[in-house]
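Based on the sequences and whatever the hints tell you, model everything.
For what it's worth, the numbering used here labels the leading residue of the sequence shown as 8, then goes sequentially.
I should point out that these hints are in silico values taken from the structure, not numbers from a laboratory. Note that beta-carbon positions come from the ideal geometry of N, C-alpha and C, so glycine has one too. Misleading hints may appear alongside valid ones.
To be verified - Between beta-carbon pairs, the in silico distance windows are:
no., residue 1, residue 2, range
1, P320, L229, 46 to 56 Å
2, G235, P289, 36 to 46 Å
3, A12, T57, 35 to 45 Å
4, D171, R321, 23 to 33 Å
5, D9, G225, 56 to 66 Å
6, G80, D236, 26 to 36 Å
7, E251, A159, 22 to 32 Å
8, A12, L224, 53 to 63 Å
9, R35, G210, 40 to 50 Å
10, E91, G235, 32 to 42 Å
11, G80, P223, 52 to 62 Å
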Amino acid sequence: MDLDAFRALEPWCWRAPSAHNTQPWRLRYDADAIRIGWDPAHTLPAADPTGRDLRLSLGAFVETCLVVAADAGLRLEYAADHDERHRRVGWLRPAADRYPTPFRTTDVWERRTHRGGLAGGVERDTLAAVDAVARQAGGAVRTVPPAGRLGALLRAADRRLYADPTVVAELRRWLRLDPAHPDYHADGLTDRCLGLSRPAATGLRVALAGYPVLRPLGLPRLLAVAAGDPLAHGGAVLVLLAPEHLDRPGEVEFGRVLLRNWLLLHTAGLAAHPLSQLIDVPATRTALGALLDVAPHRLLHVIRVGRPLFPAPRSARRTTDRAGPAPVP
Numbered sequence: 008m009d010l011d012a013f014r015a016l017e018p019w020c021w022r023a024p025s026a027h028n029t030q031p032w033r034l035r036y037d038a039d040a041i042r043i044g045w046d047p048a049h050t051l052p053a054a055d056p057t058g059r060d061l062r063l064s065l066g067a068f069v070e071t072c073l074v075v076a077a078d079a080g081l082r083l084e085y086a087a088d089h090d091e092r093h094r095r096v097g098w099l100r101p102a103a104d105r106y107p108t109p110f111r112t113t114d115v116w117e118r119r120t121h122r123g124g125l126a127g128g129v130e131r132d133t134l135a136a137v138d139a140v141a142r143q144a145g146g147a148v149r150t151v152p153p154a155g156r157l158g159a160l161l162r163a164a165d166r167r168l169y170a171d172p173t174v175v176a177e178l179r180r181w182l183r184l185d186p187a188h189p190d191y192h193a194d195g196l197t198d199r200c201l202g203l204s205r206p207a208a209t210g211l212r213v214a215l216a217g218y219p220v221l222r223p224l225g226l227p228r229l230l231a232v233a234a235g236d237p238l239a240h241g242g243a244v245l246v247l248l249a250p251e252h253l254d255r256p257g258e259v260e261f262g263r264v265l266l267r268n269w270l271l272l273h274t275a276g277l278a279a280h281p282l283s284q285l286i287d288v289p290a291t292r293t294a295l296g297a298l299l300d301v302a303p304h305r306l307l308h309v310i311r312v313g314r315p316l317f318p319a320p321r322s323a324r325r326t327t328d329r330a331g332p333a334p335v336p
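This is the structure in structure tokens:
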């Protein structure tokens with residue numbers, strides 16, 4: 008296979024989404040295949056102790072690689088080969104045909120997380136389309152009924168996470184609240200992507216720096232309030248449901264489903280904002296499961312979706328060194 012041809016596409020492949028924008032995936036080029044693995048230094052053991060978000064991110068990266076390669080005319084397929092000990096999920100290898108996908112590199116490039124205002128919800132046809140993608144893999148997509156209880160669950164989840172010193176320390180590591188930060192243009196969560204003004208970013212940085220002293224005085228509750236209510240910015244809330252029994256390799260596969268659905272929403276003119284804190288906290292995960300009348304362990308991903316009221320800033324990537332995608336055949 009032409010390894011150099013795929014290597015040139017890496018900056019677009021790295022546009023895949025990941026929790027806290029840690030970009031955990033790593034590629035290793037062998038003679039006749041490309042190994043897809045991960046770097047433990049770019050995972051979130053405190054916020055993601057089960058590795059669910061890691062495996063979803065890796066699956067999204069796999070799907071992104073296949074979309075970008077197909078759009079460039081390369082014939083690649085993915086062979087799953089999950090190995091926790093060697094930190095590997097599988098291989099990209101030569102295929103007889105291009106990967107069948109309706110998406111293009113431009114879709115990968117233009118897709119982004121939108122934490123700002125969203126208008127409306129999801130049209131019936133679009134909801135049916137994303138649900139069909141999930142059902143092909145044994146899952147489903149459900150709309151959370153509009154109710155005040157969801158806002159209360161979000162606030163409770165935020166308070167619980169901010170009350171955990173290990174989660175907060177991990178968050179601080181990946182926050183980029185000042186353009187002078189050495190990794191501001193490389194990875195993590197920037198003030199721009201979080202929608203923070205300069206005074207708000209400065210205030211958050213100061214508050215987190217004083218966390219050990221201020222935590223007993225009620226700082227977690229104040230941070231949760233300061234985070235605001237994303238539901239107030241509009242949009243509908245969708246939940247990706249897993250099959251009843253889903254193992255770790257299966258979570259990687261559902262990361263591929265997640266990416267397909269996110270691109271489908273994007274091509275329909277919609278933007279998405281993950282609300283993973285709802286299922287990161289056991290109590291709110293259980294409550295959300297009860298609200299949807301599904302087993303809590305089936306809740307795999309939660310997003311707020313709608314038509315963006317303004318363009319969202321592009322998040323940083325370590326290997327993105329171009330102004331935009333090159334022309335593709």
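Hint-by-hint comparison with the structure:
1. The given range of 46 to 56 Å is broken by P320 and L229, whose C-beta atoms sit roughly 26 Å from each other.
2. In this structure the hint that G235 and P289 lie 36 to 46 Å apart at CB is violated, the actual value being about 23 Å.
3. Roughly 36 Å separates the CB atoms of A12 and T57, a value that falls within the hinted 35 to 45 Å.
4. Taken as a hint, the range 23 to 33 Å holds for the pair D171 and R321, whose Cβ atoms sit roughly 30 Å apart.
5. For the pair D9 and G225, the supplied restraint of 56 to 66 Å holds, since their beta-carbon distance comes to about 58 Å.
6. Under the hint 26 to 36 Å, the C-beta atoms of G80 and D236, about 46 Å apart, miss the expected range.
7. At roughly 28 Å, the beta-carbon separation of E251 and A159 lies within the given 22 to 32 Å, and the hint holds.
8. For the hinted restraint 53 to 63 Å between A12 and L224, the CB-CB distance of approximately 57 Å keeps it satisfied.
9. A beta carbon spacing of about 42 Å between R35 and G210 agrees with the range 40 to 50 Å that was offered as a hint.
10. With their beta carbons about 37 Å apart, E91 and G235 fall inside the hinted range of 32 to 42 Å.
11. Under the hint 52 to 62 Å, the C-beta atoms of G80 and P223, about 59 Å apart, fit the expected range.
In this structure, the hints that do not hold are numbers 1, 2, 6, in rising order.
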